[in-house]
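One letter stands for each residue in the lines below.
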Amino acid sequence: MRAPRALRTAGGALSAAWLVFLLLASVTASWWLPYQADAQDPAHALAGPSASHWLGTDDLGRDVLSRIAAGSWISVGPALLAVIVAFGAGIPLALLAAEHGRWVERGSSRFAELLLALPSIVILLAFVGAVGVHPWAIMTVLGVLLSAPVYRIFLGQAQSLRTRLYVDAARVNGVSSLRVNLRHVLPAMATTIAVQAAQLFAISVLIEAGLAFMGFGPSLPSPSWGGLIAAASQHVYDDPWLMVPTGAVLALTVIAANGLADAVAGGGREAEPAVRRTRGRAAVPAAPAAGGPIDGMLLDVRDLTVAVADGPALVTGVSFALPPGTVLGLVGESGCGKTMTARALPGLLPEGVEVTGGSVWFAGRDLAGLPDKDLRAVRGREIAVISQEPMVALDPMFSVGYQLTQPIRRFRGVGRAEARRIAEQLLREVGITGARRMLRSYPHQLSGGMAQRVCIALALTGSPKLLIADEPTTALDVTVQAEILSLLRALVRTTGLSVIIVSHDPGVVADLCDEVAVMYAGQVVESGTVAEVLGSPSHPYTAALLAANPHVAEGLPVPERLASIPGTVPAPPDWPTGCRFASRCSLATAECAAPVPVTPAHAGGPVVAGPVVAGPVVGGTVVGGTVRCVHPLSSPAPLPVPHHAEPGVSS
Amino acid sequence: MNAPVPALSVQDLTVRYGRAGKALPAVDGVSFDVAPGETLGLVGESGSGKSTIGKAILGLQPANAGRILLHGADITKASLRQRRVTAVDLRVVFQDPYSSLNPAQTIGQTLAEPLRVLRVPGDQRRPRIGASLAAVGLPADAAERYPARFSGGQRQRIAIARALVCDPQVIVLDEPVSALDLSTQAQVLNLLADLRESRQLALLFIAHDLGVVRFLAQRVVVLYRGQVMEAGPAEDVTQRPRHPYSVALTAAAPVPQPAEQARRRAAREALGVGAAGAAPPAADGCPFATRCPLATDVCHRDRPPLVSGVACHHADQVARLRLPPAAA
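Each protein sequence line maps, in turn, to chains A and B. Residue numbers 1 to 651, in our numbering, belong to the letters of the first sequence in order. Residue numbers 1001 to 1328, in our numbering, belong to the letters of the second sequence in order.
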């Protein structure tokens, strides 16, 4: 529920309490007021606060407290009416316009623009002139005028909510249009409605008081706040106190309405943890396991641990090494920590997640211990990153040429014309014909495949040694994916670039990678060359992942059923001390409950002490494939196909 | 003997977005039938019009020409309100399991909604919801929970349960597994295959992934820029494609055998299929002509007719483009 969350903040609770108190006080005023609102006592006119008159008396000796309380309904009620009219007209209109498309939307939007163009104070005064002083009617007119901004705000929101698939699903299911709006569209707008209503209420209270101050409020004996302030202004020199109580109540009411709006608006954001960015400072460089990086490796990751600040670890003890000019694939299901691992390398972890152990040796330096300032110099120049959503990575406001030449000038220190020449060159390198035309285009003019090519060109502006590609083809069509994979492979061949690619698709890994590390629940469970790992998997998880894949080469039969892995990847707090895959593994035994060491696998021979190393024979040290399993599959591996283990759903 | 009435029949469907006459059609004269118990795969890249066809069938996008028949009854112009009566057998499962369930409603409320529309009495709703959840392998108490408690694969099961709860005969599946991980994708694909068998469902399976389509579909229609390039049995289209675009599609999907994939990649790069997003084709010619390695003048000039399931002027030459079969 939203309201209680809004009330959990002190401001929200106080604001709501004041408004409720005010409403109760105004409704019940006749029962508890010490004096009649217009009971005169000329003997005590213009008296200050006293025991008998807590807030003093006015020029006719009437009790100010009683008059404020009695006048609160006539002051607040019409403002409330204005809000109700504004929302009662604006929201249904917005819902209708969002539902019925262009023509209805055009008509109602032009009408709303007309209302917005009218000067509201002039309209209100003209209405008073023509019809007379009727506070409720005046505020109804104000409500109609305010319905235009309400309409404008909620039209956009309703339009975006209507693109949600559950709205389409409800429509296909024959749910009536009224019910679709009431059940699926309106509830999602509730927070915004509450915020806007509270703010409009504050505005309406002020306008109402302003009108009453000018004499267009409730007729004189009735004690509206605006009228009280107007009366007090007559005595501003001989009894300044008279202004204070009414002014304070009015101000408090407006502040409370805005405070409540803030609290409601803030309630929606509260879910995000309030964490600070502590990247680098908190990184504890692990004891250098084998005394520094392995020679000849571009990247040597040792025992990398990534954790939520004061929370569970997301990645534990991940180690791999990467020689220059090779492509490493990190493969696994979502929630296995492969993206976190990749993003930890250049220090691009999300807020509140940090490297808590291990080392990231890159070109002779341990990046895990570097402060963010030094990492910034590494990012872009030495390590570049491309992401899954090329459209998000490009700024829609700027042309491709601008976005490419800016980093080129910064990284390479060249002039405008030279940067443009290099940009054209880079675009040609990523296979874009018509580079000159491309430089003038804007991101919205590009297809997904073209945008990803531009992103790769952008990543190349700093001539990086390592490119981290996080699911670079997942959002693309299969033919475009094949083009991008060919492009990356060509770049590796021609420029000697190293690539780490994160993917959930073993097919992509088979196509592009030399080495692969299979990740499960924050650990590398198997690593080695793609031929070894994908050809004869050692770990049951790798085998199961491959068996779930429906893609087979030409001429081979498609399986009758796909082997699926029952259940889902456990969440980080639920990771057992033993094998993390055991609960889903068809080969699990009692031994799997104990911590599982990393052992050599495939034809890799002995592993260098401790870390899992993916990489060929380098500098005399024999490094090879590894597996983290007590009973690895023998080679050639029989695929452990679970027999009707599904629909296996952990509840 | 009469030919059996197809569960779903689409005839010469044309859909245009925007003002009539100005925009190129998103769907251009597409026809196909789906028999009861059959799965038809609708394959193509983004922009091929495959999702638009699904929307037109579901009444979410008006058709400009052509007919859509459900069990022989014309529902082309039926409004969503009329479809409450005429199209109760037609349901949908969307791609995105996160946006297709209302986060503010429990699973039970989400599943009850179509039953309420069908005026199923309140006391019968609960058992039907439970049965529907059981059919997709979820416990009955899932009905009490909110979507946020479920993983992507489980949500997709819930979306399938919502489609099943009114015992439909035709389900439009719009990319139902492309947002899922491999292992969950396998679970959902197996589930769909089981349901098709046990309930004799007619499934229109819209996907961009030919490997997935080959697993589930008996027949496949390959779309490019709103037009049918090739149609036929799934094994034929994926194993012996007769259209250059089908060849490009099959060659592009990577297989997880590195040696095999290296061979296929080399073969694919040698195909000479132009990059996606190249120059747009001539309005009157073959839509694939600008990317096709076999294209000649006639391809840019005349649109090839769909003859025995292939729309290609050079269909007789396609066999030499095909990737060689894997060494067994």
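Some hints could be false.
Calculated from the model, a selection of chain B residues having no Cβ within reach of chain A, i.e. all distances over 10 Å [as the list claims (entries may be wrong)]:
| id | residue |
| --- | --- |
| 1 | Glu1038 |
| 2 | Gly1066 |
| 3 | Ser1151 |
| 4 | Asp1167 |
| 5 | Gln1169 |
| 6 | Thr1290 |
| 7 | Arg1303 |
| 8 | His1314 |
Across the chosen pairs, the derived CB separations fall in these ranges [what the hints assert, rightly or not]:
| id | chain 1 | residue 1 | chain 2 | residue 2 | range |
| --- | --- | --- | --- | --- | --- |
| 9 | A | Glu389 | B | Glu1269 | 51 to 59 Å |
| 10 | A | Trp575 | B | Pro1139 | 19 to 27 Å |
| 11 | B | Gly1018 | A | Ser583 | 47 to 55 Å |
Chain B side only, calculated, beta carbon under 7 Å to chain A, not exhaustive [unchecked claim]:
| id | residue |
| --- | --- |
| 12 | Leu1024 |
| 13 | Phe1094 |
| 14 | Glu1113 |
| 15 | Gln1187 |
| 16 | Leu1189 |
| 17 | His1208 |
| 18 | Gly1211 |
Because the hints were derived from the structure by calculation, they are not lab data. From the three backbone atoms N, C-alpha and C, an ideal C-beta is built for every residue, glycine too.
Results of checking the hints against the structure:
no.: 1; hint: Glu1038; result: 17 Å, holds
no.: 2; hint: Gly1066; result: 20 Å, holds
no.: 3; hint: Ser1151; result: 5 Å, violated
no.: 4; hint: Asp1167; result: 13 Å, holds
no.: 5; hint: Gln1169; result: 15 Å, holds
no.: 6; hint: Thr1290; result: 12 Å, holds
no.: 7; hint: Arg1303; result: 21 Å, holds
no.: 8; hint: His1314; result: 19 Å, holds
no.: 9; hint: A:Glu389 x B:Glu1269: 51 to 59 Å; result: 26 Å, violated
no.: 10; hint: A:Trp575 x B:Pro1139: 19 to 27 Å; result: 24 Å, holds
no.: 11; hint: B:Gly1018 x A:Ser583: 47 to 55 Å; result: 52 Å, holds
no.: 12; hint: Leu1024; result: 16 Å, violated
no.: 13; hint: Phe1094; result: 4 Å, holds
no.: 14; hint: Glu1113; result: 6 Å, holds
no.: 15; hint: Gln1187; result: 4 Å, holds
no.: 16; hint: Leu1189; result: 6 Å, holds
no.: 17; hint: His1208; result: 6 Å, holds
no.: 18; hint: Gly1211; result: 4 Å, holds
Consistency note: the structure conflicts with the earlier hints numbered 3, 9, 12.
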